[in-house]
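> Read off the chains here:
There are 2 protein chains.
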Amino acid sequence: MKTGVPRRWFALTLLALLLTSLLFSATALLAMVSCKDPLPSWNAGEAKDRILAFVRNVTQPGSPAFVPVQERIAVFDNDGTLCLEKPVPFQFAFSFERIRALAEIDTELAEQQPYKAVIDGDEVTLHNLDPAELEQTLMISFAGTTIESFQEAVNYWMGRARHPRYQRFYTELVYQPMMELLDYLRTNDFRIFVVSGSGADFIRVFSGTLYGIPVERVVGSSLVYELEKTAGGQRIIKTDKLNSYNVDGEKVLNIALHIGRRPILAFGNSDGDLAMLEYADNGKGPGLSLLLHHDDETREYLYAQGAEKAIETARSRGWQIVGMARDFKYVFPFELSQPR
Amino acid sequence: MKTGVPRRWFALTLLALLLTSLLFSATALLAMVSCKDPLPSWNAGEAKDRILAFVRNVTQPGSPAFVPVQERIAVFDNDGTLCLEKPVPFQFAFSFERIRALAEIDTELAEQQPYKAVIDGDEVTLHNLDPAELEQTLMISFAGTTIESFQEAVNYWMGRARHPRYQRFYTELVYQPMMELLDYLRTNDFRIFVVSGSGADFIRVFSGTLYGIPVERVVGSSLVYELEKTAGGQRIIKTDKLNSYNVDGEKVLNIALHIGRRPILAFGNSDGDLAMLEYADNGKGPGLSLLLHHDDETREYLYAQGAEKAIETARSRGWQIVGMARDFKYVFPFELSQPR
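Listed in order, the protein sequences are those of chains R and S. With the first letter of the first sequence counted as 1, position 21 gets the number 21 in this note's numbering; the numbers rise by one all the way through. With the first letter of the second sequence counted as 1, position 194 gets the number 194 in this note's numbering; the numbers rise by one all the way through.
Read the hints as simulated data drawn from the structure, not as lab findings. Do not rely on the hints blindly, as some may be mistaken.
[Said to hold, decoys possible] Below, a list of computed lysine-lysine pairs in the DSSO-like style, where the Cα atoms sit at most 30 Å apart:
1) S/36 / R/241
2) R/284 / R/309
3) R/309 / S/229
4) S/284 / R/284
[As the list claims (entries may be wrong)] What follows is a set of in silico ranges between Cβ atoms, one per label pair, in the way DEER data are often shown:
5) R/187 / S/285: 27 to 33 Å
6) S/325 / R/155: 53 to 59 Å
7) R/148 / S/316: 51 to 57 Å
8) S/143 / R/44: 33 to 39 Å
9) S/309 / R/93: 32 to 38 Å
10) R/128 / S/143: 47 to 53 Å
11) S/189 / R/169: 45 to 51 Å
12) R/187 / S/116: 38 to 44 Å
[Claimed, not checked] If you want the ones that stay clear, here's a sample from chain R, every Cβ over 10 Å from chain S, calculated:
13) 7
14) 43
15) 116
16) 140
17) 176
18) 180
19) 191
20) 204
21) 217
22) 226
23) 232
24) 240
25) 261
26) 312
27) 335
As the structure is a prediction and not an experimental result, all values here were calculated from the model. Just so you know, even glycine gets a beta-carbon here, dropped at the ideal spot from N, CA and C.
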């Protein structure tokens, strides 16, 4: 073997390659055990601590609260939990256009409620209508359409309509801390489901792009479907019969029917979520029930109407109440790109 | 810098480390592109070729038939498609014990059908009963139980009962080629659902351990559930009202309701799967519909009753008919550990 420059260069090259490779491995390792805050838009406090502790406990092998991956089911209400629901839920805002179109064709309909209130923009009357009845009327206003054409209409609306207060697309009005929580749970091998009083067909249009939740993990209200034979094959039509209005106890029954397993984490914001929050808290194993409290008039809305029983039960059973004013450092994703 | 042994050793060590690392990477790369047969229990032939070609086409980026991961939904019937269904489906065999127990308590019931036929072991009468009516009677025989206690009973039965012909546990009577197909599809990022006429609560007991399919990916027949308040919280009770009998067109409607997306691959074996096979073939994009034909009297059973329309449609529309005698090298997993 000759000595001299070539051999030295050879050794140095090898050394450089090895060091690069070691450095790369070390970086990868460091990233794996990194202590980066998984919930940067949450303020420090009890809510954040409890979420982090719960996830740590159920995921750490050997922990007495350890939950195997296949049982890590988390359920989230949609309106007012993952996204804004004031002055009306997304689905209402979308359906009002349909209501107006139907009333234009049928002048008799235009004199009936809720059509009249929608046409007149009469928010007081709308607010005083039974929300269950109102939502069912809105859903049924799409009877006769196929799921596909309904979803195309939703998609078109979402790319165009803007929220009256924020003047932003509805897709911008999700809660940033909740998006981080979804990511954090996913990283810890949770399977996350939306369990909403709004229509499943409606939420499925944006659950993938907005929440990273695939269509089959959306459980919602639904009309009875009908299979129609066509020349080319089949079409699925939405009828005017309600199949399921997914609120209160129905959320629990639909979780049993669609998911088939008790969730270990449930997050809601109203009395319609109460039964579901109880379900997550009822098992023999660990469970975390969380209630979002809308107490931030400046950045969002201040309201507790329709959540009175849920708040009371959360207090008495020690569920975690998440106060938007106190616990959310940022509310909406667009705040992150703005000077504070 | 000194020359001599230490430096040479240093360079050699570096070289060895680098070579090891390169070898390791090469092995990993080789494993990734390895040509191991993913369907070893399938005989070479049209069925196997078509499955392999379909999966290759929908997964290869740039292919005109490429299907993005989020749209790779596959649906499988259960009885007679993933597992044996003769002389009666698993759920029937299980429920017959319940029927006998109920008839023992209620002697009047014992004189009615199907109770009388079950008690007498009268296979001819059972065979001539309307299968839809029979199955619904069997399901309703569990009215009043909770989902949990029902599933405990199923679990207990499965650990004990043996199939009359094979004298093996029911869990051993799944089709080995189908298990390989499930694995192969999973490897290619398909989300796989069982869509069965049997009860979802029933199949969920073993879908995870037998098929690797989690409970939330089981769509089946169901009774209406009822939420009962208890001192400790809630209980979910199965009522005696049918919620959904998941056969024929109902399979398509339940896929729309539970999954929310058209499958690109559907596998069934009877007329009850026909609508679902049409659904997978109806989209604008690629779709593969497969029908398992029970033509192997020696290793399994020979029958086409209740599959006549499906076979005819499969032929006329060019769906893939999988012949058990011709296409299955092995039928059951236990054959793999036996001398041939």
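> Is the distance from the Cβ of residue 187 of chain R to the Cβ of residue 116 of chain S consistent with 38 to 44 Å?
violated, 57 Å
> Once the closest CB in chain S is found, is it more than 10 Å from residue 204 of chain R?
violated, 5 Å
> With a cut-off of 30 Å on the C-alpha distance, tell me whether residue 36 of chain S and residue 241 of chain R pass.
violated, 52 Å
> CB of residue 128 of chain R to CB of residue 143 of chain S, is that within 47 to 53 Å?
Given a distance of about 41 Å, which is not inside 47 to 53 Å, the answer is violated.
> For residue 261 of chain R, is the shortest CB-to-CB distance to chain S above 10 Å, so the non-interface label stands?
Check fails; 5 Å does not lie beyond 10 Å.
> With respect to the beta-carbon atoms only, verify the hint that residue 187 of chain R and residue 285 of chain S lie 27 to 33 Å apart.
holds, 32 Å
> Does residue 217 of chain R really sit off the interface, with its C-beta more than 10 Å from all C-beta atoms of chain S?
violated, 8 Å
> Is 53 to 59 Å respected by the C-beta to C-beta distance linking residue 325 of chain S and residue 155 of chain R?
Violated - the Cβ-Cβ distance for residue 325 of chain S and residue 155 of chain R, about 48 Å, lies outside 53 to 59 Å.
> Is the straight-line distance between the alpha-carbon of residue 284 of chain R and that of residue 309 of chain R 30 Å or less?
Holds: residue 284 of chain R and residue 309 of chain R sit about 24 Å apart, inside 30 Å.
> When you take the CB atoms of residue 148 of chain R and residue 316 of chain S, is the distance between them in 51 to 57 Å?
violated, 26 Å
> Is the nearest Cβ of chain S still more than 10 Å from the Cβ of residue 312 of chain R?
holds, 17 Å
> Are all beta-carbon distances from residue 176 of chain R to chain S longer than 10 Å?
holds, 24 Å
In terms of the numbered hints stated before, the structure departs from hints 1, 4, 6, 7, 8, 9, 10, 11, 12, 13, 19, 20, 21, 22, 23, 25, listed from lowest to highest.
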